[in-house]
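**Student:** If you read the protein sequences in the order shown, they are chains V, U, W and E. Mapping of the first sequence onto this note's numbering: position 92 corresponds to residue 92, and the numbering continues sequentially without gaps. Whatever position you read off the second sequence (first residue = 1), add 1000 for this note's numbering. Whatever position you read off the third sequence (first residue = 1), add 2000 for this note's numbering. Whatever position you read off the fourth sequence (first residue = 1), add 3000 for this note's numbering.
What the hints contain is simulated information worked out from the structure, not anything from laboratory work. A few of these clues could be false.
Some, not all, of what chain V presents toward chain E, calculated at C-beta under 10 angstroms [stated by the list, open to error]:
id, residue
1, 123
2, 262
3, 266
4, 373
5, 375
In silico EDC-like pairs for lysine to aspartate or glutamate, Cα to Cα no more than 16 angstroms straight-line [unchecked claim]:
id, chain 1, residue 1, chain 2, residue 2
6, V, 270, E, 3320
7, V, 183, V, 232
8, V, 382, E, 3217
9, E, 3101, E, 3133
10, U, 1382, W, 2014
11, U, 1183, U, 1220
Note that CB positions come from ideal geometry on N, CA and C, so glycine has one too.
Chain by chain, the residues run as shown.
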Amino acid sequence: MDLTCTDAEEGFRAQLRAWLAAVLPTLPPKPSPDNWPGRRAYDLGWQRRLYDAGYAGLHWPVDAGGRGATPTQHLIFLEETERAGAPYVGANFVGLLHAGPTIAAEGTPEQRARWLPPVLRGDEVWCQGFSEPDAGSDLAALRTRAVRDGDSYVVSGAKIWTSHAEVADWCELLVRTDPTAPKHRGISWLALPMGAPGVTIRPLRTLAGSTEFAEMFLDEVRVPVANRVGAENDGWRVTMVTLSFERGTAFVGEVVACRRTLGQLAAAAKENGRWDDTVLRRKLGRLHAEFAALWRLTQWNVSESEATGGVPGVGGSVFKLRYSHARQELYDTAAEVLGASSLDAGHEWTLDRLSSLSYTIAAGTSQIQRNIVAERILGLPKGR
Amino acid sequence: MDLTCTDAEEGFRAQLRAWLAAVLPTLPPKPSPDNWPGRRAYDLGWQRRLYDAGYAGLHWPVDAGGRGATPTQHLIFLEETERAGAPYVGANFVGLLHAGPTIAAEGTPEQRARWLPPVLRGDEVWCQGFSEPDAGSDLAALRTRAVRDGDSYVVSGAKIWTSHAEVADWCELLVRTDPTAPKHRGISWLALPMGAPGVTIRPLRTLAGSTEFAEMFLDEVRVPVANRVGAENDGWRVTMVTLSFERGTAFVGEVVACRRTLGQLAAAAKENGRWDDTVLRRKLGRLHAEFAALWRLTQWNVSESEATGGVPGVGGSVFKLRYSHARQELYDTAAEVLGASSLDAGHEWTLDRLSSLSYTIAAGTSQIQRNIVAERILGLPKGR
Amino acid sequence: MTRVHFQLTDDQRDLRRGIRELLAARFGREALRAAVDSPPAGLRYMWTVLAEAGFFSLRLAESDGGVGLGMAEAVLVHEEAGRVLLPGPLVVSQLAAGLVKGAAEGTAVVTAVDLARGPGQAGPLVAHADAADSVLVLYGDTVRVLPAASLDAEPLRSVDPLTPLHLVRRTPLPAGGPVAAGAGAARLRREAALLTAAQQVGSASGTLDMAVRYAREREQFGQPIGGFQAVKHLCAQMLVRAEPARTAVYAAAVTGTATDIAVAKLLADEAAVRNARDCLQVYGGMGFTWEADVHLHLKRAWVRAREWQTAQEAEELLAEAI
Amino acid sequence: MTRVHFQLTDDQRDLRRGIRELLAARFGREALRAAVDSPPAGLRYMWTVLAEAGFFSLRLAESDGGVGLGMAEAVLVHEEAGRVLLPGPLVVSQLAAGLVKGAAEGTAVVTAVDLARGPGQAGPLVAHADAADSVLVLYGDTVRVLPAASLDAEPLRSVDPLTPLHLVRRTPLPAGGPVAAGAGAARLRREAALLTAAQQVGSASGTLDMAVRYAREREQFGQPIGGFQAVKHLCAQMLVRAEPARTAVYAAAVTGTATDIAVAKLLADEAAVRNARDCLQVYGGMGFTWEADVHLHLKRAWVRAREWQTAQEAEELLAEAI
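Bound-form chain V, shown alone (with noise of 0.2 angstroms):
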């Protein structure tokens, strides 16, 4: 057991250090979060810096055009942009995250040189439509349809929670392609043009009040067989191969922020007198507590990645069970530490703490991830 660095490792860092200190004062003004053309260029912008630097798609694998780096270098990486307060990957997202490395492993040749390159350089921005309203959980229950005709699919149906949808060149789209199958082997994968004809796009308005996500309305949007990506009907298993890109990486810079976070929550107590409460105080000692552990779980598990060549997999349910609970309680502590003032949605933890309440349920409930845990880990027997 080893926490410390490589030499090679530590080189990237104190590289990457520099290189941060001097490329952050030259960015352009944040945009407003609602200017959405703003926001794509701002993000993209950042994302084409990283490639003239050679971070873009620093995780990808060398024959993607990544550079292949070991975990533990994406994990410096992570950290070290979070440290700095270097923009977040933002609309980049999905390309960079999700449908980039699924092109990456189950594409063509074709289209890996289509969508791969643009996605490294910032020029195009992808949007993720997997979730559908009357799906929720149960992901795999999706039934927009695709109706083959030709070389193209007929598309028809809605899809929900599709952040970055207005400003997106691409969506990852999960279709039925196959009603009479079991529910996971009859989808497929397609790469939907966001111009084409019969898509509506509709802000959706979540309960922090903001418009990060929207829903998408497919009415008979043509989309060419090409744009499929793995065999007809193997869209599920094409889609759940991309998570062994991420090994373990997933929360580090908001695991860095949350200690950040608390680091505020306690100078800030300390300023309003708040701190001389020992309920306050000692919530905020556990806190400490609960992200020291959770940063060491993640060095554990990006070294296992490393180790094992392979992906945290279901060891990050477990992960996500106790983090988004400690992000909860973070913001809730904040509302202690705030006082009157946590009624305040001017301030940036109350609308953090309107936000973290999605942690519960987003990408897989608690309870959702708790069926993972006990079946898949613990080999708890399914019930009736």
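Let chain V serve as the given structure and place chains U, W and E on it in line with the hints.
**Tutor:** Same frame as chain V, but now just chains U, W and E:
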């Protein structure tokens, strides 16, 4: 809504208080926990005094030899006896609170005449033979078999969690008389004479180190058919009927006791300096709220029983869920007040802490109670 | 002879049914969503309707033109108001009846600011300052009345879209004498805490009802989600939270003691906040949208939990009272 | 080229397997139950066997006759000891190797008493005082060694049948000079807290294994209880508690900082206590008997949670260290 008592109720309370003040000092010394014959004699002696003073079977119907008191009078009785430190119902528990009421409701005139007076007078002790090792929470899955042979049933099987078995005269026994019927439909209720050949009692040591409970093994024990209460195979309904006797008063004494313990905890914390720990002090404040609310809920349920003449029924599950959790928290907090002394099993609160571990398990686990609340009160569907 | 003790009387049941029907008919979900989307609308109209029904004059003596009912009945109507998220300074306006001209008749909207609160308070907040005519100013042991327009306060972006909040910058004490001295302020704080607790209990029941309804209807993995034990047990715990809180509120309405009110406020705040969160969990993604009402319950519950008595204050009071 | 960072090395895996096999072979469940039913038996024999395996001399330099391993390895063996409820003052005896004659060789059983603990402590407790030869006395910044027989202490009825406890009445400081001055006591406290945390993590994993095994086998309502979501989710949360605690313990073993050790102790104590309680809930009535091992885990976890660093101490330390 009203929380005052009528003049008649206040009169009852005053009379009871006066009697308790007079009689309690005349009681013999309490026997040690391991002295079972002594405990039997002590508990029956107390019951005899209640009988002589006219308090025996307060909540029983008049035609069963009881006083037919209102639920509110019963609440006052339980509250005052607990406050005065009167003996617990102890060995008389099953006779007074379960087997007796069952016989009163479902027995023939001969059965009532045979078994009820000795319970009220403090002449005979009953125990309960319901639970079985393999049935657990699924009580109706019991497997102890009774085969009819002339005027007798021949009973074989094993029972568990039978308290006071060593000193009981009778056992209210649930047996399977029709192994082919659906599980709730093949059960009968028998009065088993504990001295019958083939009955073996083995004390069961709990994690608290005590032998409050026993296992009971039945090896071809002959029980007269005349000892069956209710129809053959109707035992499940027969035993469930009894709950109507309780009418919301089940936890009166326990809530009063918890509130007294809470007062002692606060006093001890002030004494040893722990009171200055804000975290602990606020926990005690919270427990104050818990038990105050549980007391109000008790009053509400009792008033409801009185108003409707009915059974609180599944509402008892709501109470039990909240109460069992609160009581475990009470003793966890006691451990914090005690500090290192919480590791001394010679301390009453440490033993109580150990016993309290059963509250979320015994008489229906919290998991089972939540099912009952969800399905029978909230009307949620049974799952697959 | 049996007698009903701690239960609703027939009159109280009728009152509850009446207010429930009135609120459903006049301030139903469409009205609520309209209020959410254009916040300042309709408060004055609502006050007229409520006043007609006797909402504000409920506890005023009949000889003073009131309905002549007690705290038990006040608690019941506030519970119903909380259940349907009725907006506005209902608690203060009702308590102001008899103290502030027009309050009983619903022609004056009254809010309050308490200048004697504990730590953790950047500055006192005042709700519905723009819509209010008058503000009760609680300072130490006294209650004074100020025209709402004279408040020096800046608006916040309130977390609850239905409860506009202002941060009081400077509160000049009104020139006139107090309308209620001594125990007046203490009593007003207690009664306000209790009625706020009643609204919290109503909210906790409302979110439970919503969760149960949704769990019965929403199907996933081939069955209603209410068939899954995890969802079932979430809902069961919501009831386990709401019921003792409700009886605690009713008991406090009967006794009126500071201790009983602290019990009620502490448990009702917890029930409202946690039930709203559990309801959100049952709704899943669907609850995370602006269009769902779950978040409105949660946000209002957060606001109320900070009004009149916080958990910290209640717990300290209750510890001392053991 | 990839390199393994924060993972067990092959040697560490072998060590863990070795100690696990040794404990299973020599101190299995029958031996444990025998010890429970006749408490003082066999500690000295156990010490001999453990010493032969290098348990006590693990961290002593090879030049001093030790195994020459580090805190990471010590943590692994204590985790295994905790998993199988191995009794005795294992932590102190290992830490005493090199300080107390015979400790490394297992011929001296060593316990400890800390006279510098915070509030909530009626008097300091000492474990296994009767079986011990020597006692480390921590007083302020120094560590002294006292013959165990010279302790003026009265026995308690220990809640843990496998950990006899004495309440120290009067502790005369030993005449001789301290065996470790200054940072010696602080370091010993830290290391003892960490090794105790390692035992807690082992216990938390042990009760998880027990719960999962029982949930797979025990049938109710026509299926294994592990098929019910309520039981499934209890078990899942046990893993969610144990895993972060384990990595926190491993990380603290690598860094040795007071902060990392407080993180480890706090989370490991919680994991051990709460996992034992959840395991008991899964076992139902069967877990409530003396014959089941669940209660032994819970009671030991309670004892360890009060040893060396309590939750209160850890939380305060961690708050200051934010």
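**Student:** Take the hints in turn and mark each one as holding or not.
**Tutor:** Hints versus structure:
1. 123: At 32 angstroms from the nearest chain E Cβ, residue 123(V) fails the 10 angstroms test, so the hint is violated.
2. 262: holds (6 angstroms)
3. 266: Because about 4 angstroms separates residue 266(V) from the closest Cβ in chain E, which is inside the 10 angstroms limit, the hint holds.
4. 373: Holds. Min distance 4 angstroms.
5. 375: Check passed: Cβ of residue 375(V) comes within 7 angstroms of chain E, closer than 10 angstroms.
6. 270(V) / 3320(E): Holds, because 11 angstroms separates the two Cα atoms, which is no more than 16 angstroms.
7. 183(V) / 232(V): holds (14 angstroms)
8. 382(V) / 3217(E): Distance ~14 angstroms between residue 382(V) and residue 3217(E) Cα, so the pair holds.
9. 3101(E) / 3133(E): OK: residue 3101(E) and residue 3133(E) at ~10 angstroms, within 16 angstroms.
10. 1382(U) / 2014(W): Violated. Residue 1382(U) to residue 2014(W) sits at ~34 angstroms, over the 16 angstroms cutoff.
11. 1183(U) / 1220(U): violated (22 angstroms)
The structure fails to meet hints 1, 10, 11 from the earlier list, while all remaining hints are met.
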